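Novice: What follows is the residue order along each chain.
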Amino acid sequence: MPLIETVDLCQKYDRRDILKNINIRIDKGEVFALIGPTGAGKTTLLRLVDLLEMPASGKIYFDGRDATESKRVRFEMRRRMAFVIQKPIVFNISIYDNIAYGLKWRGVKKSSLCQKVSSILEMIGLSAYQDRNARTLSGGEAQRVAIARAIVTEPEVLLLDEPTANLDPLSAAKIEELITSIIHQYGTTIIMATHDMSQGQRLANRIGVLINGGILQTGDPREVFTSPKSREVAEFVSVDNIIDGIIVSSEEGIVAVDIGGNKIIEAISSYPVGEKVYACVRPENITLTLSKTTSSARNSFIGQITQVVSVGPLSRIEINCGFRLVALVTKRSAEELGLEKGRQVYATFKATGVHVLREN
Amino acid sequence: MPEIWQGLIKAIELIVTLDPEVMSIAGRSLTISVTATLLAAVICLPLGSLIHFNRFIGKRTLINLIQTFYSIPTVIVGLFVFLLFSRAGPLGGLNLLFTPAVMIIGQMILIAPILLGLTVSAFSGVDKAIPDTARSLGASDFQTVAVVLKEARFAVIAAILLAFGRAISEVGLALMVGGNIRGFTRVFTTAISLETSKGDIELSIALGIILILIALIINIVLNRLQQR
Numbered sequence: 029m030p031l032i033e034t035v036d037l038c039q040k041y042d043r044r045d046i047l048k049n050i051n052i053r054i055d056k057g058e059v060f061a062l063i064g065p066t067g068a069g070k071t072t073l074l075r076l077v078d079l080l081e082m083p084a085s086g087k088i089y090f091d092g093r094d095a096t097e098s099k100r101v102r103f104e105m106r107r108r109m110a111f112v113i114q115k116p117i118v119f120n121i122s123i124y125d126n127i128a129y130g131l132k133w134r135g136v137k138k139s140s141l142c143q144k145v146s147s148i149l150e151m152i153g154l155s156a157y158q159d160r161n162a163r164t165l166s167g168g169e170a171q172r173v174a175i176a177r178a179i180v181t182e183p184e185v186l187l188l189d190e191p192t193a194n195l196d197p198l199s200a201a202k203i204e205e206l207i208t209s210i211i212h213q214y215g216t217t218i219i220m221a222t223h224d225m226s227q228g229q230r231l232a233n234r235i236g237v238l239i240n241g242g243i244l245q246t247g248d249p250r251e252v253f254t255s256p257k258s259r260e261v262a263e264f265v266s267v268d269n270i271i272d273g274i275i276v277s278s279e280e281g282i283v284a285v286d287i288g289g290n291k292i293i294e295a296i297s298s299y300p301v302g303e304k305v306y307a308c309v310r311p312e313n314i315t316l317t318l319s320k321t322t323s324s325a326r327n328s329f330i331g332q333i334t335q336v337v338s339v340g341p342l343s344r345i346e347i348n349c350g351f352r353l354v355a356l357v358t359k360r361s362a363e364e365l366g367l368e369k370g371r372q373v374y375a376t377f378k379a380t381g382v383h384v385l386r387e388n
Numbered sequence: 004m005p006e007i008w009q010g011l012i013k014a015i016e017l018i019v020t021l022d023p024e025v026m027s028i029a030g031r032s033l034t035i036s037v038t039a040t041l042l043a044a045v046i047c048l049p050l051g052s053l054i055h056f057n058r059f060i061g062k063r064t065l066i067n068l069i070q071t072f073y074s075i076p077t078v079i080v081g082l083f084v085f086l087l088f089s090r091a092g093p094l095g096g097l098n099l100l101f102t103p104a105v106m107i108i109g110q111m112i113l114i115a116p117i118l119l120g121l122t123v124s125a126f127s128g129v130d131k132a133i134p135d136t137a138r139s140l141g142a143s144d145f146q147t148v149a150v151v152l153k154e155a156r157f158a159v160i161a162a163i164l165l166a167f168g169r170a171i172s173e174v175g176l177a178l179m180v181g182g183n184i185r186g187f188t189r190v191f192t193t194a195i196s197l198e199t200s201k202g203d204i205e206l207s208i209a210l211g212i213i214l215i216l217i218a219l220i221i222n223i224v225l226n227r228l229q230q231r
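Chains as they are written, first to last, in our numbering: chain E, 29 to 388; chain A, 4 to 231.
The set of hints was computed from the structure by calculation and includes no laboratory data.
On a predicted model such as this, the values are computed, not experimentally measured, just so you know.
Don't take each hint at face value.
[Stated by the list, open to error] As a list, the in silico DSBU-like pairs of lysine-lysine whose alpha-carbon atoms are at most 35 Å apart: (1) A/K153 <-> E/K144; (2) E/K202 <-> A/K131; (3) A/K153 <-> E/K137; (4) A/K13 <-> E/K56; (5) E/K48 <-> E/K257; (6) E/K56 <-> E/K115.
[Stated by the list, open to error] Covered by chain E, per the in silico footprint, the following chain A stretches (three or more residues, Cβ under 8 Å): (7) 127–137; (8) 142–153.
[Said to hold, decoys possible] Where chain A lies over chain E, by a calculated footprint (3+ residues, C-beta under 8 Å): (9) 104–111; (10) 115–125; (11) 138–149; (12) 177–191.
Cβ atoms here follow ideal geometry from the backbone N, Cα and C, with glycine treated the same way.
Bound conformation, chain E alone (with noise of 0.2 Å):
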């Protein structure tokens, strides 16, 4: 029996729909990311699984219990989960204080709430200041206290909203493992929202894309990023090439997919022949030279550089190919190769760097 279902759940505000038909269960000890782009409906959702709303219409079941059934249930559910608001929100009162509020709600014995209000505060290494006011907190700060609050409670479920958003690198590294410690520490079943798909990747063991009050997709991250289901997923998991087409032949798993203009991409996909799809291709495996080389992989075409753009240690490059083609490739072979504006290239990819979605 899953921890948490919802079924058929739907919300809405002002008669705008918020969350269409959502339908997720998640187990005991899950660690579930629900990653979408701003305004997806990723808060709405898990106000709706802490109870803190009620949904327009569908079912919400904690522990197998419907939770839609009474507010007291709803109270005694509340109390068994915590949930990390997005910004992150402190009392005006002193560190230790803000952290000992949920044990004292649940009427903690003062020796017992002592000792685990004092471990937490160790484990966000804020020990020293507990006696400061909360509100005199940086941003980074402020949220370990946050999310110490929560899991001070022992609650079975965490719910995380963009526990990073806002916040400089190193802080939210800091955050990310405080999750982390959290994970194996206490085992706690935990729902996050995201809109940094890399931070689901790495923290979670299963992700949910939620686009457009809908879920697309679930399933483990690895999955979810390399064969994405529909053409929304796919721009969202920043698959930068998405290029239209029809199958024209398929031979023992290997289809031609024609993007028309005579060109044509290799593929692995069992789709039929006449099957309108979409070739997505990851930037980062596309390999940029300047001659024509002799390789393993299927797929090569020549094109004239039009953009460069520097992001990080890597230079995002755009290749007019007759269709347009984005590569990743490090700033040094950049350099080195001479990749600039007007540059002629040949950019090569392999027939398993391609995933191919059915166009719906």
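Position chain A against the provided structure of chain E, taking the given hints into account.
Specialist: Quick look at chain A alone, frame taken from chain E:
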């Protein structure tokens, strides 16, 4: 001019020697206004939280209406309470007119709008995410309201102090429904107005000084609070 100086010196003498007349008036004034403020707060704080936490039709209008009554003239409240408690009035049977009790009721009515309105705005000043944060950490409805109240504590205390300031400094109402009866309903403001018209300015000045001192203390506390 010499009269005023004499009056001032005499007034300080009255205060320093703890003149029984001055002390009894001060004590009565404080008792009546503190009681009125506390009773009004006990009613208005929960009422204000009800207004803030519930969504209903006409909420905005209600708040506007409450704010309009911030500056209601004290004599209008006096007239209303007088009519209510006069012999022929609906509550005349209680025989409360010209007693400290009716003065307390009058002051409560006078300051209720300030307390209500400022409580609502104190709650509105609290981050919208605070109630949800509390509930998500397992707070019951009652515990959630307590958290919000605690977050708004400085603004709420400021509201209570302002209300007290208005209660203790008004004269129209105290005169109309209290009647300025010596040793029974005579308070700072009514005594000052009466003694001044009688020409006994020493007592007036002494009471005036104490009243200003109270105002000063309220102001200092308010400033402290607003700096937090």
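Novice: Please go over all the hints and tell whether each is borne out by the structure.
Specialist: Hint-by-hint comparison with the structure:
no. : hint              : verdict
1   : A/K153 <-> E/K144 : holds (24 Å)
2   : E/K202 <-> A/K131 : holds (27 Å)
3   : A/K153 <-> E/K137 : holds (22 Å)
4   : A/K13 <-> E/K56   : violated (82 Å)
5   : E/K48 <-> E/K257  : holds (18 Å)
6   : E/K56 <-> E/K115  : holds (27 Å)
7   : 127–137           : holds (count 6)
8   : 142–153           : holds (count 5)
9   : 104–111           : holds (count 5)
10  : 115–125           : holds (count 5)
11  : 138–149           : violated (count 0)
12  : 177–191           : holds (count 4)
The earlier numbered hints that this structure contradicts are 4, 11.
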